[in-house]
Structures are given as C-alpha cells and as structure tokens.
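**Student:** The residues making up each chain are set out below.
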Amino acid sequence: MYLTRLEERMLAGEYGYAAQKAMEILVALGKIYGAERMIEIRSAQISGVSYSNLGEEGLEFLLKLAEDGCVRVPTTLNPCGMDLEEWREMGIPEDFAEKQLRVIEAYRRLGVELTLTCTPYLAGNMPEFGDHVAWSESSAVIYINSVIGARTNREGGPSALAAAITGRTPLYGLHLDDARRPTIIVRAPRIGGELDASALGYHVGRILVGGVPLFTGLGAISRDQLKALGAGLASSGGIALFHVEGVTPEAQRYSREHVEDVIEVTENDLRNEIEMLGEEFDEPDLIFVGCPHASIEELTKIYLLLSGRSVSRRFWIFASRAVRAQAERIGLLAKLEELGVRVYCDTCPVVAPLKRLGFKNVLTNSMKAAYYLRSLHEVRVQLKPLRKLVEDAVR
Amino acid sequence: MKIVLEGRVIWKGHVEGEALTTRQPISFYGGVDPGTGKIIEKGHELEGVSISDKILVFPYGKGSTVGSYILLRLKKRGLAPRAIINQRCEPIIAVGAIIAEIPCVDLIDVSRISTGDIVRIHGSRVEVWKRIPSL
Chain H
2 MYLTRLEERM
12 LAGEYGYAAQ
22 KAMEILVALG
32 KIYGAERMIE
42 IRSAQISGVS
52 YSNLGEEGLE
62 FLLKLAEDGC
72 VRVPTTLNPC
82 GMDLEEWREM
92 GIPEDFAEKQ
102 LRVIEAYRRL
112 GVELTLTCTP
122 YLAGNMPEFG
132 DHVAWSESSA
142 VIYINSVIGA
152 RTNREGGPSA
162 LAAAITGRTP
172 LYGLHLDDAR
182 RPTIIVRAPR
192 IGGELDASAL
202 GYHVGRILVG
212 GVPLFTGLGA
222 ISRDQLKALG
232 AGLASSGGIA
242 LFHVEGVTPE
252 AQRYSREHVE
262 DVIEVTENDL
272 RNEIEMLGEE
282 FDEPDLIFVG
292 CPHASIEELT
302 KIYLLLSGRS
312 VSRRFWIFAS
322 RAVRAQAERI
332 GLLAKLEELG
342 VRVYCDTCPV
352 VAPLKRLGFK
362 NVLTNSMKAA
372 YYLRSLHEVR
382 VQLKPLRKLV
392 EDAVR
Chain G
191 MKIVLEGRVI
201 WKGHVEGEAL
211 TTRQPISFYG
221 GVDPGTGKII
231 EKGHELEGVS
241 ISDKILVFPY
251 GKGSTVGSYI
261 LLRLKKRGLA
271 PRAIINQRCE
281 PIIAVGAIIA
291 EIPCVDLIDV
301 SRISTGDIVR
311 IHGSRVEVWK
321 RIPSL
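Line by line, the protein sequences are chains H and G. Going left to right, the first sequence walks through residues 2 to 396 as this note's numbering numbers them. Going left to right, the second sequence walks through residues 191 to 325 as this note's numbering numbers them.
FYI, nobody ran anything at the bench for these hints, they're computed from the structure. Every value quoted in this text rests on a predicted model; they were computed, and no experiment measured them. Just to be clear, a hint being listed does not mean it is correct.
What the hints assert, rightly or not - Okay, derived cross-link-like pairs now, BS3-like style, lysine-lysine, Cα gap no bigger than 30 Å in a straight line:
{"hint": "1", "chain 1": "G", "residue 1": "232", "chain 2": "H", "residue 2": "65"}
{"hint": "2", "chain 1": "G", "residue 1": "252", "chain 2": "H", "residue 2": "356"}
{"hint": "3", "chain 1": "H", "residue 1": "32", "chain 2": "H", "residue 2": "65"}
{"hint": "4", "chain 1": "G", "residue 1": "228", "chain 2": "G", "residue 2": "320"}
{"hint": "5", "chain 1": "G", "residue 1": "252", "chain 2": "G", "residue 2": "232"}
{"hint": "6", "chain 1": "H", "residue 1": "32", "chain 2": "G", "residue 2": "265"}
{"hint": "7", "chain 1": "G", "residue 1": "266", "chain 2": "H", "residue 2": "356"}
{"hint": "8", "chain 1": "G", "residue 1": "320", "chain 2": "H", "residue 2": "100"}
{"hint": "9", "chain 1": "G", "residue 1": "202", "chain 2": "G", "residue 2": "252"}
{"hint": "10", "chain 1": "G", "residue 1": "252", "chain 2": "G", "residue 2": "320"}
{"hint": "11", "chain 1": "H", "residue 1": "100", "chain 2": "G", "residue 2": "228"}
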C-alpha cells in the first residue's frame, strides 16, 4: 500500500501514540481490502458511545488516545444511553449516568462534536455529493451514500475514530465506482408512510445477501421515508447503499450490466414483515417515534396529527439536539409539550437502558427499533404507522 | 511432526502456545464473555470453552464491530488469547487485535492446525508441532 510521507511519519509514531495507533488500524484495513492508497476525508461520524459496550478498558483506551490525539476533520458522535440534560427525568439510574458522562468526556477531549445523534446530516454534519468521508452508524452510512451521494464504507467505531484522528481512510469499497453499481433491481409498490418504507427496507435487506439494490416503482418518496427505508435495509441486511429510480443522485449514473437479478415486492410482503416482527399486547407503556432520530418535518406531522388533543400515555420523540432547538425556535416544542409529548435528545430506546426503566410493551413505527429492542432488551414491540400511534396515544 | 505455514501479519508478535481451533466463525460481541474469557454463543462448538492464553485459530470473525472492544477488554483483564490465527481476517478482529496488541496472522490454512497443537508465531511465519504425529 502506498503511503505519503505524512502517513509514513504518523505510522512511525512521529505524531504521537494516537496518530500511530490510528494509522496502524487504517493500514491493516487497507491491506485486508487491497487498497492502493489512503484518501483524505471531509468528515467522520463515530459510534461506540455506550459504556456497557466499551467497559472500563475501552474508556481507558479512549482517554489514552486523547492524551496526544485529536480529530483532524469535523467529527460527530452517535447517541449515548441518556439525554444529557434530562436523564433524571427519564428515570436513568445515577451509576449509569456517571459512567456514561465519563465516556462523553473522553470524546470531548478528542475534539469530537457532542452531537449524540444517528442523524448527523440533520444536525450540521452534511457531506456533499462525491465527498469521501468515514462514518459509522449503519443508518447514517446508508443515508449519505444513497440520498446524498457521499462516499463511505460501513465503518465500525474504532475505524471511524482512526480515520478522524488521521484525516484519511483506505481507498477501497464504496469509495470507488465499482462497488456502487446496482446489483439487483427491486420492483416495489408505492410507499404509504414511514412504516411502509421501513418495512420495505427491512424485507429487502433480509432477502438480499449484500449488494446494491435499485428500487423502481416507489413513486414520490420523502426524505423521511428514504431515511426509514435505509435504516431498514441496513439493520436486516447490512446494506450500505441503495438507489431509487428518479430520486437518488446516482440512480442513473451506472450502466445496469452488473444487475444479476430482479425481485418483486408486494404490499402483502410488507404486511407480513410488519406482523412477523411485531408481538401482541393490550396496552403499550411507551409509544415512541424517532428511530432514526426524527426530523423537524416528523415533529410537525405529529403535532398536526394530534390536532390539539393531549396524549394520555407516555409518548416520547427522540431527535437530535439540533432538531429540538429548531422546534423550540419556531414554537413547536412548547406546543408538543403542552399536549404531553416529550422530545428527548442524545439517546434512543435502542441504546438507553430500557429494561432498567421498566418498560415492557413498546409501540413504534420503526422496524429497526423493533428488531433491536427485541434482541437487546427483551421487550415486546408492536409496529403501527404514525397516524395510528398518535390515535393510540390520545385514546 | 512440524509444519511451517506462511501468512500475513495483522499485528506483529513472537509467541508460542497451545492451539484452540474451531471451524466456526466467532462473534466477540455477544459471543464471548469479557468477564471470563469463555465462549458463550449458544450452539457454538466451543461454547463454554475458555479462549484465554490460547493460540486461537478460527476462520474469521462475525457480528457487531463492538467486538473489537471486547478483545481489548479481554486483554486488559488478562483473559485474551495469546495470539489469533485466521483464515481471512476481517475488520472486527483486525481492529481488535491492533488496539489490544494481540499478535494476529491471517491467510493461513487453518485446517492444518488442530486443538492441542503447539504453535509458534514469528511475524508472518507460523510453526506448528502436531500433538499426535500423523501416520
């Protein structure tokens, strides 16, 4: 693998421990994937914020990197296990909060912007078409690859951090045209709401083994639906890029000679997928929206669907602090809060200690959330479209 | 009987130890207990077996990228494998081996190594003393 003089000096330790460790990681990845050289990146998004995954040892490692290391490009951070300002109100235990804050502090020392969101592209970290970046968080990776046309592989927490510290990543995979060509055409029905988009993504991800799907027949599709579609594809199938005919920027860019198969998805397939993942229960003890984190449009939509009615059970929205601030500026936040809706930031039910908060029956509109809540937290999950969530909340 | 295999260095090292071999991939996140060093994945052929201090030989890693941090946690607690040998290393194991500084070699025909063999790693060179001499 070709390294520039600067990269060689980083690898030799001339720029300190953090840059050396980071370069060792990137060179190893470059070797594994046959990269010819590194490419400079414009931004990074880092996962690996939960103390329960990092442990004391992972935290020590981050603090050691922070002793002489700092990110070289704008770098944002995935959600953690609690709202940094309102964790007490959420019911987060004191010991959990204390450990979580130590991890956050380590990232702050590394120069990472504490966005704590899985939608950094709604919070000021928005790459442009063709930008090379190094992002982790599967739903954000697939969004910027597909909807924006930026280029990133599906990084893990440490490799994204290594890229941020050195400002580069090995040039392979989705940074190159070859891996971005569609490999399968998916003929799908017109999309209703976010749950349909989420179910379509989840369904297609489940039946594909890797590859790049090109969707046709979806009709008009909103940014929020694209967000939900991508999150579904990434959670069940490990897919990092999709195209939508007439919508996404690279849908027409490549010839279709690499297309190996055409599959047909029906509305029935989507219904089945939603039913298979959902479970039966009478009364939800939490209704939530915001996996991935909600946009300002989604907050507005919820307010309009409520049409002045107060919620009679716990209805939580998860969003980035940037979106919450926007809602506050336009008066939307106060209106939602008046109706009993809470908007939490910095976290989501997938990474919060849900079981310790005592929730058993959860109602949501995200297949990704349902998948992880079931496997990680052993709670029962039911899936309904947004309109019905709101009706259940006011009932 | 001694055989010599040549692979690719992921993290350099010179170590010797006893091989623990599986034909199944390993997920460190959810599949290995960072508190005991034992494999806890249900149905794995090494379920319940400790990987600590062994030359761990398996085809490749799988599962969440959080697995890299599990290798680091094992190392800091003295529960990590002494070295890792893979058929084909992928990012979870590679990054874990580098941040935990566990010697790691890949592009090795792992079917040539059996549990109980004595293995010595010198950089990319892997020497294997078969426990039971083959006939």
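**Student:** Each of the hints needs a verdict: does it hold here or not?
**Tutor:** Quick rundown of the hints versus the structure:
1. G:232 x H:65: violated, 35 Å
2. G:252 x H:356: Answer holds: residue 252 of chain G to residue 356 of chain H is near 27 Å, not above 30 Å.
3. H:32 x H:65: holds, 26 Å
4. G:228 x G:320: holds, 25 Å
5. G:252 x G:232: Satisfied, since the Cα-Cα distance of roughly 15 Å is no more than 30 Å.
6. H:32 x G:265: Given that 30 Å is the threshold and the Cα spacing comes to 24 Å, the pair holds.
7. G:266 x H:356: Satisfied, since the Cα-Cα distance of roughly 29 Å is no more than 30 Å.
8. G:320 x H:100: Measuring from Cα to Cα gives roughly 47 Å; hence the hint is violated.
9. G:202 x G:252: holds, 22 Å
10. G:252 x G:320: The hint holds at about 28 Å.
11. H:100 x G:228: Holds. Residue 100 of chain H to residue 228 of chain G sits at ~25 Å (cutoff 30 Å).
The structure fails hints 1 and 8 (numbered hints given earlier, in ascending order).
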